[in-house]
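Protein chains: 2
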Amino acid sequence: MAFESMNTLPKCDANYTALSPTTFLKRAAAFYAERTSVIYECTRFTWGQTYDRCCRLASSLVSLNVVKHDVVSVLAPNVPAMYEMHFGVPMAGAVLNTINTRLNAKTIASILRHSGAKVFFVDYQYVPLARDVLRILTTDTADKSMPLVIVIDDIDSPTGIRLGELEYEQLIKKGNPGFVSVPVDDEWDPVALNYTSGTTSEPKGVVYSHRGAYLSTMSLVLGWEMGSEPVYLWTLPMFHCNGWTFTWGVAARGGTNVCLRNTTAYDIYRNIHRHKVTHMCCAPIIFNFLLEAKSHERCEISTPVQILTGGAPPPAPLLKKIEPLGFKVTHAYGLTEATGPALVCEWQAKWNMLPGDDQAKLKARQGISILTLADVDVKNKDTMESVPHDGKTMGEIVLRGSSVMKGYFKDPKATEKAFQNGWFWTGDVGVVHPDGYMEIKDRLKDVIISGGENISSVEVENILHGHPKVLEAAVVAMPHPRWGESPCAFVALRSNAEGAATESEIIAYCRKNLPHFMVPKKVEFLPQLPRNPMGKVLKNVLRDQAKTFVLSESQQTAVDLYRNDQQILALSRL
Amino acid sequence: MAFESMNTLPKCDANYTALSPTTFLKRAAAFYAERTSVIYECTRFTWGQTYDRCCRLASSLVSLNVVKHDVVSVLAPNVPAMYEMHFGVPMAGAVLNTINTRLNAKTIASILRHSGAKVFFVDYQYVPLARDVLRILTTDTADKSMPLVIVIDDIDSPTGIRLGELEYEQLIKKGNPGFVSVPVDDEWDPVALNYTSGTTSEPKGVVYSHRGAYLSTMSLVLGWEMGSEPVYLWTLPMFHCNGWTFTWGVAARGGTNVCLRNTTAYDIYRNIHRHKVTHMCCAPIIFNFLLEAKSHERCEISTPVQILTGGAPPPAPLLKKIEPLGFKVTHAYGLTEATGPALVCEWQAKWNMLPGDDQAKLKARQGISILTLADVDVKNKDTMESVPHDGKTMGEIVLRGSSVMKGYFKDPKATEKAFQNGWFWTGDVGVVHPDGYMEIKDRLKDVIISGGENISSVEVENILHGHPKVLEAAVVAMPHPRWGESPCAFVALRSNAEGAATESEIIAYCRKNLPHFMVPKKVEFLPQLPRNPMGKVLKNVLRDQAKTFVLSESQQTAVDLYRNDQQILALSRL
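In order, the protein sequences belong to chains A and B. Each number in my numbering comes from the position in the first sequence (counting from 1) with 696 added on. Each number in my numbering comes from the position in the second sequence (counting from 1) with 696 added on.
To be clear, the hints were calculated from the coordinates, so they are not data collected in a lab. Heads up, a few of these hints could be off.
[To be verified] Covered by chain A, according to a simulated footprint, are these stretches of chain B (three or more residues, beta-carbon under 8 Å):
#, stretch
1, 710-721
2, 917-929
3, 1037-1047
4, 1054-1067
5, 1131-1139
Quick reminder that beta carbons are idealized off the backbone N, C-alpha and C, glycines included.
Excised from the complex, chain A in its bound form:
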């Protein structure tokens, strides 16, 4: 009876509205109309103006025959147009596809082809790259439909550079500010399409729903405790998971977006100082830029700047150096498939009492799930069992919840593989500490399995990075006749130290600092490590090279002796 009546209460327009991040803009325009929304060099907009411009953009897209769920691609740095597209494109009912500007023409062409992009916006700076992309698309005889190209000239200092006939500001001028957004019929509808970087495979198209984007935005604003009226500096490219959802989040908070074409240390310091920046996101590599800036490139930071960092754990020495400059770092872990950060290393008040080294160690952990993830766990994929919370036992990190992607576009096989047994399998290997905080140890495919022992390549690399002569290092598996795999290190030395370090010196250093079975059995020196356009080390290339290495007899024996000792020890404990 109770059941009947309470459940048959009707959903209606008044009590059930589709969750969509575009609603944050409408609200910002209603309540923060006069507040500054976007700053880019000498250009400034208010939330009232940004809403007006996004309505115009959406109406122009519709008049260009963009229809519901068409893909609109964009190749641009963090300029105002890029920000506006995060609202204007979905307001036209279309799906936003932001493309990594560091990719090569061939990859971009394949993304445009795979996504079936109807419109292709190109910032003037990337016109030469886009020309190459279009050439590839045109010569591809299998594909007759070309996207409509629209160039985005610099709004602050127009260059006149064009590609095709249309230019972004024309579209805005001609647009209708009274345009009514194409309604979101279902919050499960797509809002964005983001291609993964693909270190080992073809880029995959990750589809976000309005619901997922909305909930992720809410959780990240909450997880980072971003208060009202933030001044957000766009150091993180918006093409990374829609700026880890902060494109939408800054609107939700009625904040100010400080747009940035180039992320040089000078530009970052200058903008922080000039606009009293309160928040920014970036990879830890940006810490190096900030620390290595020359004195004339720096400005004083009067109030602390909150940094959310991810992509790689921030090394403790960097954390200790960056915070005294006026930055307060929060560490997050995520991936494109999780709509950006899925774990945030939420700080606990009691940790403030600990010594700096311990604090840095705690901060380097990836942390706890954001609020809208229903569940996070670390599992043994074979047994489906959760690993014990001992900070040691490794398993694959799995996620579940409404901020996980809809799936991979036109790739049911990959989608099925990603979603198994009710979880999204991240492909990252981690541990759970006794306090429930998680720490990533490696990418699944980078784990070295030696005689049944899992070796985290990241842990070995961390030790190698501590060697004074090592600039960068990557550790991969090499074949071993008895143990299956053994660690092999690729090392680039600091320029002032070249030739000065030997293989045996490096190995001796590792022996001092690592359990013996984790010590690389071979060290190969390279002038620099091979990287993809995202800056990620191409471990598959190194692995291919390591496959050709053969251990000398003495190297084999050393390992075998060690293993035998270990096994005897293990047996004696039973």
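Dock chain B against chain A, hints included.
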């Protein structure tokens, strides 16, 4: 093509989970297990323990034959059991019905009957009241099914008082800590049933969905900017819209709930001091308690306590007095049907520059919509047009969004009436200021319509409250032969001033401070105003009385002359 493929991506357990506020507890237990969750006098629990207790409670309810969507009612102050029920009851699949402890036995009996409550939890303090309730239910021959009664003894200092055989702590002890929550099949499923106070009509049962409760919780934590690890003092009864959703919100933030049986000034100050309280919600009436506390009842407040207030706009003089004591007030407006606060008067940094009086005036406004409301507006119900943003034109406040109730339980007529034309009609009359902030002027039914002019009874009351001899005042419509209605004031004088004020003195005072057409044409003195158990003035009683009043000829003429003047003036302007 794009449409087809992106939309057919499957919802699965990994990427689509029902939004439910109970997930906040599970997360708190995973990541804040050792942190204090609940404090009540000498009793303390951690989040790990609270989760354990809620699992036990849920399992015990299931073993008492509570099945999905059964109603579980509770009559209790803000004690730990009341908090735990906000998770334990929905974890058993049931719907939580918290009952206002200030209601009389007859009303409580009618709520239990209307809701079909299967279980009735009663705090020991309310056993005498509950006995009366049960007597009414038993003598009601039409109803044979009685709820199972379970008493909640004081956990900190047990009294031994019983009603029926079962006691809450027994249930916890016997329960299964490994109980797996009854899954939420659909986030639209009911989670709570809250009866309105009903000043003029029968209480109506407002049904919340898991989705609505979840989203409201997120928005309110965001809207109030409640950071990590809050220490929340339970001054606001949890039976008010589930403590304005902070029952769930404190779990989401991994905070500490400081429970409070009695909200005396002494108890409030003592707990703030002892536990370093950071947040509390209350009606402005509590400000009076805090201000009037004697010195031995007070404690020093070392760090500012955030107060979220609502129910009535906080009068400016109160705000000016309360903030220097160490409280920082945020003003919100809501109603049971909106899952608590729907508008929050979000503070703008630029207002900090303004003089104190202007700040208090801005803070007394009800503000802007919380994030999960898709839309808020002030509309003329006849034309469905939005009022201009002039701070003057009145209309009815309407809401739309996923934090609005599912509807009224077993009352399709009232539900249909509340949801018209795609909006929830609040029955509150307000204006929109040029900056988009809203201000409530009156309850719709309390507006006095005089010759086509809307008069806000609240505005007239505000002026009357400024008269030094007036303790309390209520203004309602009285019939007028020509203008339809005129304002009539009911006034209770301060005890030290009784008999000293005359009708003409009060009217003269109003003439000095109000436009003439808003001046009460009659003032009736009462020893005190009639109020309902919630403390709300029963204006319907006063209206009935005012209907019997007849204006003298001179009173009529004065009004008519004024009106004629006004009309001539208006015509001359055309």
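> Any of the earlier hints contradicted here, and which numbers?
Replying inline: When the structure is compared with the hints, none of them turns out to be violated.
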